[in-house]
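J.: Knowing the structure of chain A, use the given hints to seat chain B on it.
Chains A and B supply the protein sequences, listed in that same order. No gaps in the numbering here: position 96 of the first sequence is 96 in the numbering used here, and each next residue is one more. No gaps in the numbering here: position 19 of the second sequence is 19 in the numbering used here, and each next residue is one more.
Honestly, the hints are just simulated from the structure, not real lab data. For every residue, glycine included, the Cβ atom is placed at its ideal position computed from N, Cα and C. It cannot be assumed that every hint is accurate.
[Said to hold, decoys possible] Pairs of lysine to aspartate or glutamate residues, derived as EDC-like cross-links and limited to a Cα-Cα distance of at most 20 Å, are as follows:
(1) B:Lys94 <-> B:Glu83
(2) B:Lys37 <-> B:Asp63
(3) B:Lys126 <-> B:Asp63
(4) A:Lys115 <-> A:Asp56
(5) B:Lys123 <-> A:Asp111
(6) B:Lys94 <-> B:Asp44
(7) A:Lys115 <-> A:Asp50
(8) A:Lys295 <-> B:Asp79
(9) B:Lys3 <-> A:Asp250
[Unchecked claim] Per the computed footprint, the stretches of chain A lying under chain B, defined by three or more beta-carbons under 8 Å from a beta-carbon of chain B, are:
(10) 35–44
(11) 137–148
(12) 168–175
(13) 178–190
(14) 198–208
[Unchecked claim] A few chain B residues facing chain A, derived, Cβ under 7 Å:
(15) Leu19
(16) Gly30
(17) Gln73
(18) Arg102
(19) Gln140
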Amino acid sequence: MWRMAFIWLCLAVSCPLAEAQIVSVQREEPRPFGYFVGDLITLEVFVAVDSGYLIDPASLPKAGPVAYWLDLRSVSVDDLGGNPRQWRLRLAYQNFYVALDVRRMTIPGFDLIFKSGENSAKASVAPWSFSVSPLREILPTANDPVDFLRADIAPAPVSLGASRRALLILSSVSALMLGLVAFDRSWPPFRRPQARPFALAARRLGRMRRDGSTDQFRAALRTMHQSIDVAAGRRVLAEDLESFLAEHPDYRAEAESFTRFYRASHRIFFASDETGAERLLPPTELVSFSQRLAKLERAAA
Amino acid sequence: MRKFRTRLAEIARRARSPLLVGLLAASLAGAACAAAKYVAASADNRKIAALREGRDVPVSLNDSGDVLFARIQFLLTHDSIDEAQALVNALDQKAGAPVQARARYDLANARMRLGFDLIERGKIEKAEPLVNLARSDYRQALSLDPGLWDARYNLDVAMRLIRDFPGFDETRGEEIPAKPGEFWTDLPGKPRGLP
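Pulled out of the complex, with its shape left as it was, chain A reads as follows (with noise of 0.2 Å):
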């Protein structure tokens, strides 16, 4: 493997006194030949350093046009740590050389400072060479001058595919989550009264325009009746509240607001005291319970 192959390069050492700091410079390099114009070369050089030495920032290559015919697109520096610690850089070079025939090309080298306290070291990246090869022929023939050339790009529409996708799913999601909302609730068409009598009765409630007329308030006081009633699965009567309760404990939060609607009722429907029952409970307060009890349901379902 070329990529894998190690090179063992030469140190170029300024002064003899850096010599031992620098410890080691390798290069992890690709294959040296079969490039053509436009090819990305990635360079790794790793430089093994004694610790206390950090690299001086401004020797590092600075990305861009290198010669007319090379870019350096990208440097980048890792600190591997270690003892002696290592450094990677990494370096993208595109070659643009356009080659009538094979050629070989090198990319220049350069020093990297490494510097500790008033101490420097440096460390010698050699050139590196590699052949470039012809991407058409020396002499090609065409009628026409414009036929040398690759035809435009015509721009191609957006693919919608992702964002149909998308939106069918999430309506599908939709319509699943409707379903199982109504259902919850017991929205037409899943309108179960029998299932559901207070859900029934709280939107009765709901819908009664309030007149005030004492009329209105009996109906009212009926429809919640007969909720109970539904919801018992027999007859509920202010004496049979507490065996009502035992068998729903669901319900026993209201339990208050239950003996009050009974009270109320006793005073309406036996005493015809409508205003007494209407102190006891109010229209409003009698709206609410229900509701309240229609939220115990779903809850209890």
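T.: Using the frame of chain A, we list chain B on its own:
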């Protein structure tokens, strides 16, 4: 343990109703979002199709990169390279690299065609700057998208075309070597040699 489990079941039962409503709201919001995206993408596709058929459609800089590219291609095939160049520059600010690279490539192709035309009519000096611009556009396209093989091929064509021109000297990126230690150039009038 058993008590804990019944309590957990109780909490789940109570939470079910609001949870269902929350999920419904979330999925409706998601569906609305997807629908908006779908509608926008279909509108873009209508514009692209119209431009491809040769009907000019007004395009704003807020439109997606694909629409801008379609309009650039329309302008290039209708001999308005300068207007296309302005849009290509605008495209660099927003779209992804593949579309930018394609736009640069098409722009360079249009310049090359113009250059070939001028060369055939013998106006080589006028063709030179066009081919130069095309070359740098191909190069930029390749920087953006190295996988654009058509740009490599046409860069090859453009480079060879320029090499054929005598008098053209490629100097980009090369440096004039400075002689070390010599700070001042030779002054005229300074006596040289021995008296």
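J.: Now, for every hint given, state plainly whether the structure supports it.
T.: Cross-check of the supplied hints:
no., hint, in the structure
1, B:Lys94 <-> B:Glu83, "holds (18 Å)"
2, B:Lys37 <-> B:Asp63, "holds (13 Å)"
3, B:Lys126 <-> B:Asp63, "violated (35 Å)"
4, A:Lys115 <-> A:Asp56, "holds (6 Å)"
5, B:Lys123 <-> A:Asp111, "violated (47 Å)"
6, B:Lys94 <-> B:Asp44, "holds (16 Å)"
7, A:Lys115 <-> A:Asp50, "holds (10 Å)"
8, A:Lys295 <-> B:Asp79, "violated (71 Å)"
9, B:Lys3 <-> A:Asp250, "holds (17 Å)"
10, 35–44, "holds (count 5)"
11, 137–148, "holds (count 3)"
12, 168–175, "holds (count 4)"
13, 178–190, "holds (count 5)"
14, 198–208, "violated (count 0)"
15, Leu19, "violated (10 Å)"
16, Gly30, "holds (4 Å)"
17, Gln73, "holds (5 Å)"
18, Arg102, "holds (5 Å)"
19, Gln140, "violated (10 Å)"
In terms of the numbered hints stated before, the structure departs from hints 3, 5, 8, 14, 15, 19, listed from lowest to highest.
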